[in-house]
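Undergrad: Line order of the protein sequences matches chains F and S.
Each residue of the first sequence is one higher than the one before, starting from 80 at the first, in the numbering used here.
Each residue of the second sequence is one higher than the one before, starting from 323 at the first, in the numbering used here.
Note that these hints are calculated values from the structure, not bench results.
None of these values were measured; they are calculated from a predicted model.
Among these hints, one or two may not hold up.
Straight line, CA to CA, 27 Å or less: simulated DSS-like cross-link-like pairs of lysine-lysine [stated by the list, open to error]: (1) S:K648 to S:K624; (2) F:K144 to F:K130; (3) S:K638 to F:K84; (4) S:K442 to F:K84; (5) S:K430 to S:K442; (6) F:K84 to S:K591; (7) S:K372 to S:K591; (8) F:K84 to F:K124; (9) F:K84 to F:K130.
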Amino acid sequence: MKKGKWGLIIFGLVIFIVGVTFPVWYGAGTSAPAPVLDMDTPVIKSMPNKKCVEDTAFIRAHHMKLLDAWRDEAVRDGHREYTAKDGRRFEKSLTGTCLQCHSNKSAFCDRCHNYVGAKPSCFSCHIVPEEVKK
Amino acid sequence: MKLLLPIIALFVVALLAACFAWAEAVSLLTILAYTSFLIFAAGFVYRMMKWAKSPVPFRIPTTCGQEKSLPWIKTHPLENPANAWGAIGRMAGEILLFRSLFRNADVKMIGGRPVYGSAKWLWFFGLMFHGSLLLVALRHLRFFTEPILPFVNGLSALDGFFEIGVPALYLSDAALLAGLTFLFFRRVVLPQVRYISLFTDYFALLLIAAIAMTGLLMRHVYPVDLSAVKTMVAGWLVFAPVVPANAGVMLYLHLGFVFVLLAWLPWSKLIHMGGIFLSPTRNLINNNRSVRHLNPWNPAVKVHTYEEYEDEFRDKMKAAGLPVEKE
């Protein structure tokens, strides 16, 4: 032990330093900018006033909570109409609402979800409109 | 009082973080991120070097098995390792399975006599806490790698397997809090443990609990825009910091606690994360019976052997009629 001691110490410290700085090496200096979210869908293009269900900052952070609430209210209580803060009305539906405007799921929802590592399991049951047309 | 101070300290940290969030002192966020990380990494190396330089002249492992000696005496190669593999196995058992905690015993006075029973609770919750902490840390790599490492996504999927709630509850988060709760109440409820608990003991537990709580709140109650959070982290990694637009106050609280933990860790008892590798009572090979270990810094002692003594005084000894070995 005595003789190999410093070798082992240095070895351990190198593992530590490489370990805690690993993300820097892994990225190798290339920045990972937020994904480009494609808004280029027929429905959104035809909208005069391009607005989501709620304002963008809210929907970006809270859409999973909103969808969860929609699901419970629609399926359990039968309340299928949602009134947004600004008074517009929407059907509480994943495929029928979100994916009507955002019909490009793979270039919109998926891009962002892959970036943050979210894997919504919804689409093992719910259909994506585009996929049916094909 | 020993419990009150850590709580006050945490509230001060939270208040400061909230102030920064409110004042949107976001460049401060970047500075704190880098400095706390540097303090952590440099402090860690410093503490390790300090331990590495401490003299360990003798083999001092604590053992509870027979040391290797005569061939017909049964030895315990893991409890009392006589070679490097034994020592590595012993360290692995300690670090990965907390074997020494598994031996914890409980004493009760029954009928005036001490009766020993097993006490595996500390081992169980300790292992649960540390294991889930590791999982949680690894899962956070999803913010630090792009494309996300496949095993990180796999871990997250496994961890959220039961899909309780949207987004799914990670089981490791629940296990982490359960472990922390046990460790905390152990200190508060058991009088002997409360007696020896100090500021650092409570602060360490409460600080990690605060981090876990703010993290859980951020995932399940007050969601933040994770996409913006990841862009912020990615900016740190290429030294081109960007600032998340209107990230919630929960994020600042979470990060505030994390930065305090990072900067405090090397100087606290939590440095046992590195220290365990260097504890001589665990990592030394016990070969005291087969190898002679000389203290390397023994001073050169001037000795006067009996032969020299006799040479010096032979005449006088003979004259006094004392027996001598050499005539």
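Undergrad: Decide, hint by hint, whether the structure agrees.
TA: Checked hints:
no., hint, verdict
1, S:K648 to S:K624, "holds (23 Å)"
2, F:K144 to F:K130, "holds (19 Å)"
3, S:K638 to F:K84, "violated (54 Å)"
4, S:K442 to F:K84, "violated (35 Å)"
5, S:K430 to S:K442, "holds (15 Å)"
6, F:K84 to S:K591, "holds (24 Å)"
7, S:K372 to S:K591, "holds (15 Å)"
8, F:K84 to F:K124, "violated (68 Å)"
9, F:K84 to F:K130, "violated (65 Å)"
Checked against the numbered hints given earlier, this structure breaks hints 3, 4, 8, 9; the rest are met.
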